[in-house]
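**Student:** The chain contents come next:
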Amino acid sequence: MKAAVVVFPGSNREGDMARALTQATGRQPSMLWHADHELPAGTDLVVLPGGFSYGDYLRCGAIAGRAAIMDAVRAHAARGGLVLGVCNGFQILCESGLLPGVLMRNANLRFVCRMQHLRVERNDTAFTRHYAKGQTIEVCVAHGEGNYEADDATIDRLEGDGLVAFRYCDSAGNVGGDANPNGSRNDIAGIYSNGRNVLGLMPHPENLIDALVGGTDGRGLFESLASAA
Amino acid sequence: MKARVVVTLKSGVLDPQGKAIEGALKSLGVEGVASVRQGKVFDVELAGADADAAKAQLQAACEKLLANTVIENYQIDV
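Chains as they are written, first to last, in our numbering: chain V, 1 to 229; chain L, 1 to 78.
Calculated directly from the structure, the hints in this document are not laboratory data. Glycine residues also receive a C-beta, built at the ideal position from the N, C-alpha and C atoms. There's no promise every hint is true.
[Said to hold, decoys possible] Covered stretches of chain V (chain L as the covering partner; in silico rule of three or more C-beta atoms under 8 Å from a C-beta of chain L): (1) 49-62; (2) 102-113; (3) 125-134.
[Unchecked claim] EDC-like, lysine to aspartate or glutamate: derived pairs with alpha carbons at most 16 Å apart: (4) L/55 <-> L/45; (5) L/10 <-> V/44; (6) L/55 <-> L/43; (7) L/64 <-> V/152; (8) V/2 <-> V/38; (9) L/10 <-> V/149; (10) L/40 <-> V/56; (11) L/40 <-> L/72; (12) L/55 <-> L/77; (13) L/40 <-> L/77; (14) L/2 <-> L/77; (15) L/2 <-> L/52; (16) L/10 <-> V/151; (17) L/2 <-> L/43; (18) V/2 <-> V/44.
Please model the entire structure based on the sequences and the hints provided.
**Tutor:** Below, the structure written as structure tokens:
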């Protein structure tokens, strides 16, 4: 598994992401700059980390979504290459057109930073093989704009085609209600592209990889990726 | 040439910021406010002098960057 992490001005979770990837794959990911035009040869996985790219100016992820490196990321995804976007990375994937919909301001207008349970919707993808289908995992969220919205036709398509990756739930696995931290449609925490080779999610699995700092439920995602290529 | 681009949320898209502003106006005693929707205004200076060309340029700018057409509409005044 050869991974590359894209750093934009204002990214701040690239170090956490690199640590999680290194732990799972046994090799350090390449760090790419937003102004680069090419991915390193043989890249299997491109990761867009969390943060506040371009200070969230205009719209979250809007300017990063049009950065020079994104043409290479789009081409990589079109070839079937794996792409993971976490938090601001998810916002960038939506703004770049790699995933449908948009992340809007949290419904309660508050920045939410807390531990959060998720339900794994399917475990037959490159991102989730090391989880069980329907498993409840505990990770964390930290965002002000994670309220997933799309038009009804898009939501129906995501649901019908099995493209919802994770949903917000409580510790018992019950979806919805107070377990939804931001008002997302259908409690959506993460979605796949049509080919299920692109995943965007608001929560931070990369921060839950060490028992010393809260838990290890995030490891499954990186171990899945490590065994995917 | 000066132009103004106004970007607004499409009707039906939830606007929590507009709702908060609406609530604040009401609590300040500003009467008769039925609803508030928040948008963005871009004042753009263009080098050329042709209005049609400017409009076409700004339309491209809106589609590429200024508006997210999933949730936003835009209006161009040259």
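**Student:** Looking at the structure, which of the earlier hints fail to hold?
**Tutor:** Of the numbered hints, 3, 5, 7 do not hold.
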